[in-house]
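Residue strings, one per chain:
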Amino acid sequence: MNDATSLFLLRVMLTTRAIEERLIRLYHQGRIFGGVYTGFGQEASGAAVAAIAAPNDLFAPCIRNLSLHIGRGASPRDLFRQWLGRADGPTGGRDGNVHFGNLDHGVYAMISHLGAMISVVSGGVMARRYQGMDSVGFAFIGDGATSTGDFHEAVNFAAVREVPLMVVVENNHYAYSTPNASQFRCRNLVDKAAGYGIEGIALDGNDAIGLTEALAPVVADLREKPRTVLVEVDTMRMRGHGEHDDFSYVPRELLAAYAARDPLTVCREILLARGLIDPPGLEALEAEVQQAVDEAQQAAFRDPPPSPSTLLKGVYAGE
Amino acid sequence: MNDATSLFLLRVMLTTRAIEERLIRLYHQGRIFGGVYTGFGQEASGAAVAAIAAPNDLFAPCIRNLSLHIGRGASPRDLFRQWLGRADGPTGGRDGNVHFGNLDHGVYAMISHLGAMISVVSGGVMARRYQGMDSVGFAFIGDGATSTGDFHEAVNFAAVREVPLMVVVENNHYAYSTPNASQFRCRNLVDKAAGYGIEGIALDGNDAIGLTEALAPVVADLREKPRTVLVEVDTMRMRGHGEHDDFSYVPRELLAAYAARDPLTVCREILLARGLIDPPGLEALEAEVQQAVDEAQQAAFRDPPPSPSTLLKGVYAGE
Amino acid sequence: MPVNEITYLEGIRQGLQHTMQEDPDVILFGQDVGSFGGAFKVTTGFLEAFGAARVFNTPICESAMLGAAIGMASQGLKPVLEVQFADFATTAIHQLLNNAGTMHYRTGVAVPMTVRAPCGGGFGGGPFHSEELEAFFCHMPGIKVVYPAFPSDARSLLVAAIHDPNPVVFLENKYLYRHIKELVPEAIAPIRIGSARVCRSGQDAVVLTYGAMVHEAIQAAEHLAADMGYRVMVVDMRTLKPYDTDTVIATVAATNRVLIVHEGWHTCGFGAELAALVAEQAFHLLDAPVRRLTAPDCPVPFAPDLEKAYRPNAARIEEALVELLEY
Amino acid sequence: MPVNEITYLEGIRQGLQHTMQEDPDVILFGQDVGSFGGAFKVTTGFLEAFGAARVFNTPICESAMLGAAIGMASQGLKPVLEVQFADFATTAIHQLLNNAGTMHYRTGVAVPMTVRAPCGGGFGGGPFHSEELEAFFCHMPGIKVVYPAFPSDARSLLVAAIHDPNPVVFLENKYLYRHIKELVPEAIAPIRIGSARVCRSGQDAVVLTYGAMVHEAIQAAEHLAADMGYRVMVVDMRTLKPYDTDTVIATVAATNRVLIVHEGWHTCGFGAELAALVAEQAFHLLDAPVRRLTAPDCPVPFAPDLEKAYRPNAARIEEALVELLEY
Ligand SMILES: Cc1ncc(C[n+]2csc(CCOP(=O)(O)OP(=O)(O)O)c2C)c(N)n1
Ligand SMILES: Cc1ncc(C[n+]2csc(CCOP(=O)(O)OP(=O)(O)O)c2C)c(N)n1
Ligand SMILES: [Mg+2]
Ligand SMILES: [Mg+2]
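Chains as they are written, first to last, in the working numbering: chain P, 1 to 319; chain L, 1 to 319; chain D, 1 to 327; chain U, 1 to 327.
Derived from the structure by calculation, the hints contain no laboratory data.
Each residue gets a CB set at the ideal place from its N, CA and C atoms; glycine is no exception.
Heads up, a few of these hints could be off.
A partial selection of chain D residues facing chain P, derived with a Cβ cut-off under 10 Å [what the hints assert, rightly or not]:
| hint | residue |
| --- | --- |
| 1 | E62 |
| 2 | G124 |
| 3 | G202 |
| 4 | D204 |
| 5 | L306 |
Taking lysine-lysine and the DSS-like style, the derived pairs with C-alpha atoms no more than 25 Å apart in a straight line are [said to hold, decoys possible]:
| hint | chain 1 | residue 1 | chain 2 | residue 2 |
| --- | --- | --- | --- | --- |
| 6 | D | K308 | D | K181 |
| 7 | U | K181 | U | K308 |
| 8 | D | K308 | P | K313 |
| 9 | U | K41 | U | K181 |
| 10 | D | K181 | D | K41 |
| 11 | U | K308 | L | K313 |
All chains should be modelled from the sequences, with the hints used to inform the complete structure.
Spelled out as structure tokens, the structure:
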């Protein structure tokens, strides 16, 4: 892995964290309409995938994958516009919060129905390959969502068609309030891979550099020998399901254990240890990111909301 | 396994075969309304499950499991009434062909939507256990139907709740015209068990006696230590998907190989070898079964169809 | 008779609690309904009160949840299943339509199950947490559909739904959960599924509606009375399948002008059914064409201004009523 | 202009074949559509003609099939997906309603996909192979719904559906597949989605219908003309969303009496939508209440006598028309 990639990971994660911290504050200040859902503590996997992927690749992020959006080029201002329902945001205010994407960046806008997007990104990759493009798909999914029929149908279909697709299961141990033990009975979610006849890979989900190093060769190989793989990353949701949720059902020791392995801390330490950044450099980077987020937020607050007269625009294409 | 059980298996399978042979003939004579779907060549698993099960057990058969119905006490006359849409048949003519059951025998009437019944029988068992009954569930499913989201959701849910449920996957190598290779990428369907954290057992699906011997202890253990298990049985659909289908897409050598291991032949030979029946006894049994089927068919043809005036009866319960 | 003020949400809670206390056959399950009390906290304390055999969390699998409920109901239990948002029931329509809805007709086995489905918008939920799907459910043979607008009705109708021997979809309007309060007696009054509620009398026109729009319609009618002296009747359909055709016809006879309001989509919505019924059976009673005021055929938008334009409200009901009254 | 007699099924086949020949972006997939040619043999020879990259079988997974079609369409392909029976689409309503139907509205990305869904009864298919689900599909924002009744329309409308930049549900009536023939020219005439077909002129009443019931209605109208001299117009709606409101209003203006017929369920069916439209916009044109003749709210029964009682037919349409004409 080259140095630029390491710094890319750090910058993406810092930006993600700064945006989400801001969203959380705005929510508790009552300045956000609707709920706030973050990937606090889960920034590593999205950043790593963004680091590995190629321009023509396609992505189906879930609600905890802001870092993937950032890594694929979503601007902080677009992010705030989305959360504020602004006219020029990624969904023009038609959708809110995490339900956005940008196909120019290869990123599908998720629907809420868990599992439903895996087949979509898989179909997108099928299309691009039919069109002669080299394209690999990346689908993110939670531990809870592996229980959906959609997860199963999509992974099986992709496996059978040998779609180059990496399905990244982010096991953060809870689905809303429901712990793994009430969600599945296999020991690890990667145990499901064999049932689809695909390779399964289990990794530490809080180490972006480790993830990038481990997955880059896998993805390179997928491009040569198209097939579907299942990756389980171990991580932790460090906040509630949304900011309305005090997550008192999560044992505090569990949180503490993962706090000690916060993806930003882990990445910062590796970069410092490898001499890729020094403390003043880090401070400067963090300040720069904070400033960009400040400016983006302020700009987005000034951006106009959609006009009610546009309500019916675009229900159908070509009209 | 005691002698009565062996003879039970033979009688159930002979009856099943005789009924289905008759249905096939009636179809080609144009005397059946709608299609005809049989389990020709797959009689062993349903018979074995019927042999093992206890009175309070519950069952979700699929379209190829007539032997399960017969084993649980469905009468040939009821069968013909069902296929002929008669008023006094199991569904009173509201439904046709394989879509019937009898909860007095513990047998759910399937809907066509593949995979949908696994959760139903699982819920039935949950209810019976809540009511203090000892009850185990048996769900049958085809190789093709393992691709449905419903299969996945139901098996996972049952596994997590530790519902004593045996899911019997009958791998007959085709789903309509689609061979295994276009349906799943795992080597064996039993490979899926690990992904649900449950035990998987692969067996010869054409040997009713072997199945009974192998599964009886498993089921006994399920009663003690409730949990879900996955059983894959290897078998072959010896006719078309339905009688309208000439199944020319199935290699004839494959059919020949399974014909040599026809469940009835296998069972007959074991019983003869074990001295549990002799050739004249067998002949007598076959004649008896044929006569019962003849009479049942004739009676059913005389049975009245439902009156059109009953069309709306029972859309709602309690009205 | 002691009287308490309760919210709509509390009405649902009390109905469920009462039924579970009286009848051990009632079982509750769904995503996060256990110690967490469900996404909307309707079942807080139920796990503790009724135990893990009667109250449990499920994995995320709407189809298997519905299937399990069908299985339980077929064995004589009365399962109550919470789907976290009605929107997610669209992943398992076949279990309702084809399995639950046909079992009694096909086999004579009753399926006394209740599906609690929080629905409706008005709080920035966006396209996937705001849907009104009653038209789908009402189109399904063998299914009953209940949709209360008041705390008292929510309480009574949930009891009725649970004891009904059929599969019932019990729609809960999320906007009303904490917005609507009502004084209710201790004892739960029985309400028959199939009976509408005349919420406001009047003889100049009638608004046929349900869910959150009932309260918007009442407000519109009050404005109109104050501003222009019109007396507008408001009918809360309250149960949508079966629905109360007698009350519909009687109120049309009494008013001769009909406005139908709902926050679900227009084309093939429940409003179409009501309008068709009026057109077929009360044609001779009409002094003006029947009129529908509904959400447009458009995903539920997130941005507040867009959702305001999307969702009918008191002001737009009033406007439509004026046009109708001046026809 | 050379003219051939083709079946309804052949019309579909030709429309699909033509489009695939002209446009390499059209991809066909579904259960058994490959060398087997699909459950109804609509695509026999397509795999051989267009190759395995454009024609392929899928596992049994309606949701993933629909999702994949959405993904392909979002990348500019024009996937045509066959669900084996429309009934099975109920396992994946969310992919249509929430994913396909909202993508353009939410993100500006068009989803030009076509879902071919064989539907309807009349052949002993029973409750799970005979359903008419157009009301569900028509209730979905962002989705178009097409339902031809004639070979020529099937051919033209399938071409239109595939080229439409939106998700289109293309309903194929199974009973008509081999029962209906028509003389058609070699060249495929373009038909606009949203235009009805006046199949039979008349001025005493109009039957608004679609699918297999078009042919029953024509037969009923012919009987009535022969027996009683009535001239009954028959309109094949042909496309249900959008539907041709202009033609509906014009034919009501011309006849003043309306019968709506379909073989789908009654409550919240597409007939309710048509009746509501007529009641709202053509009230002053009516000499008699609008009337619906539909299947009852009941699973589709298997037994021939039951299904005959369930499904509207020429005789019952005639009866209803006589009542309407004599009102
Ligand atoms: C089909 C479906 N059912 C229910 C929900 C409601 N829901 C939203 S998020 C969530 C929990 C998801 O848990 P998990 O997949 O582990 O993701 P995490 O939130 O932990 O990242 C639930 C139940 C949904 N979105 N879709
Ligand atoms: C959800 C769903 N999709 C499609 C069908 C149509 N269909 C009926 S049987 C069948 C093939 C089933 O294959 P398999 O599960 O292997 O069972 P087998 O017929 O071989 O016993 C298909 C595709 C269906 N019944 N349900
Ligand atoms: Mg999780
Ligand atoms: Mg098979």
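Practice problem: Taking the numbered hints from earlier one at a time, note which ones the structure violates and give those numbers from smallest to largest. | Solution: 3, 4
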